[in-house]
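Participant: Please dock the two separately framed chains into a single complex, following the hints provided.
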Amino acid sequence: ILNVEQSPQSLHVQEGDSTNFTCSFPSSNFYALHWYRWETAKSPEALFVMTLNGDEKKKGRISATLNTKEGYSYLYIKGSQPEDSATYLCAFYGGSNYKLTFGKGTLLTVNP
Amino acid sequence: EPEVTQTPSHQVTQMGQEVILRCVPISNHLYFYWYRQILGQKVEFLVSFYNNEISEKSEIFDDQFSVERPDGSNFTLKIRSTKLEDSAMYFCATGDRSNQPQHFGDGTRLSIL
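So the sequences go chain by chain: A and B. Sequence positions in the first sequence follow our numbering and run 53 to 164. Sequence positions in the second sequence follow our numbering and run 1016 to 1128.
Looking at chain B on its own, in the form it has when it is part of the complex (with noise of 0.2 Å):
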């Protein structure tokens, strides 16, 4: 079964650096999403992506933030000078319609030190 595959599994990385996570989606899915998950809390949506723009963001998902899909392939979520409260568990996530289960990867865990 297709699956959608994320690098790297685990990133750590110094506070106010940048980090760059990726995500492979599946092949004919048109519909992407990034989620994190910060230790003992809820799963959070961060941004919807299709199209090749966004189409939603949470609150959480400010400046600091980017996403795109740089080779028609990949799609990536960009943190610019990450702080101690971006460590979390993040999450990508595809689909191929918008009311359609979600396929999620394995998620990478980001540790800011």
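With the rest of the complex left out, here is chain A (with noise of 0.2 Å):
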């Protein structure tokens, strides 16, 4: 069984607070690890995907780093904005197979 492993699972920030959360993986077998944001009532968002150990995406005030070997990713917001709340999901896809394995989420709420 694939452990994919979220934390914390919550936080809460005020508005402005730069912020990460951690999730962790398997090191062997990894073929790519995927981040989605998740709104209330409304359907997963891709963030990112990477694939390279050391990789680092930016899209606007969030990015993302990889370290395959120790089998982390940490995704980082800058400047916290009341709608980045959310729940940030990351998903694990080991290539032997056709599946994501997602952890449980970090949920974030962001206060004015």
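Worth flagging that the hints you see were computed from the coordinates, not collected in a lab.
Just so you have them, the derived chain A footprint on chain B, three or more residues with Cβ under 8 Å: (1) 1057-1065; (2) 1114-1120.
Straight-line C-alpha distance at most 20 Å; calculated SDA-like pairs for lysine to any residue: (3) A:Lys94 with B:Ile1053; (4) A:Lys94 with B:Ser1126; (5) A:Lys94 with A:Ala138; (6) A:Lys109 with B:Pro1116; (7) A:Lys111 with A:Thr74; (8) B:Lys1057 with A:Thr92; (9) A:Lys109 with B:Asn1114; (10) A:Lys156 with B:Lys1057; (11) A:Lys94 with B:Ile1041; (12) B:Lys1098 with B:Gln1056; (13) B:Lys1057 with A:Pro60; (14) A:Lys94 with B:His1025; (15) B:Lys1057 with A:Ser137; (16) A:Lys156 with B:Ser1073; (17) B:Lys1072 with A:Gly146; (18) A:Lys94 with B:Thr1022; (19) A:Lys94 with B:Pro1023; (20) B:Lys1057 with A:Arg89; (21) A:Lys156 with B:Met1104; (22) A:Lys156 with B:Pro1116; (23) A:Lys94 with B:Met1104; (24) B:Lys1057 with A:Glu97; (25) A:Lys110 with B:Pro1116; (26) A:Lys94 with B:Glu1018; (27) A:Lys94 with B:Ser1024; (28) B:Lys1057 with A:Ser76; (29) A:Lys94 with B:Val1039; (30) B:Lys1057 with A:Thr161; (31) B:Lys1057 with A:Glu57; (32) B:Lys1057 with A:Gly146; (33) B:Lys1057 with A:Gln61; (34) B:Lys1057 with A:Thr74; (35) A:Lys111 with B:Pro1116; (36) A:Lys94 with B:Pro1116; (37) A:Lys156 with B:Arg1124; (38) B:Lys1057 with A:Ser95.
Just so it is clear, the structure is predicted and the values come from calculations on it, not from any experiment. Heads up, the beta-carbon is just placed ideally off N, CA and C, and yes, glycines get one too.
Facilitator: Here's what the structure looks like:
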């Protein structure tokens, strides 16, 4: 059974704060690591797909790093805004099968 | 931007009945997936479908479940003889390649009474 863990489970920050959270995943048979943002009453929306060790991706105020050797990825949000409030899911893709294994997510609440 | 659409948005069914959940994928996508999320739990993979056949399925996806593309556009998940524990949010996702981001529908909330 693949273990994908995310921490913290939930996070409350003030508008303007920068924040980060962690996804840990198996370091063997790695193919890709996906990050999704999931707002309440909407569908998960893809943020990044990361494949290479040391990869760093950026989308506006959100960025992510990847360490495949030790099996972790960080997601950073700079200057959080209330509209960033959502659950952030990471998912491990091991190329030997056609499926994503999701973590439980980090619920971010940004207070105005 | 193209979207994955799912119908119905909410389905209420008596235990033991059959349900069919429908998904219309993005038109050039070739990889199709079903996931479910039981309230308070992780999003769980059910099945992936490529080239008109199942490419991977989880231990959850037993004989009670089946998938098909009956008309080449809709992608359906059928649950035979539903149980109370099948109550969950079911998400369809599609992708143009196996290692690319998946595009999710808004989900169908299935409630078994």
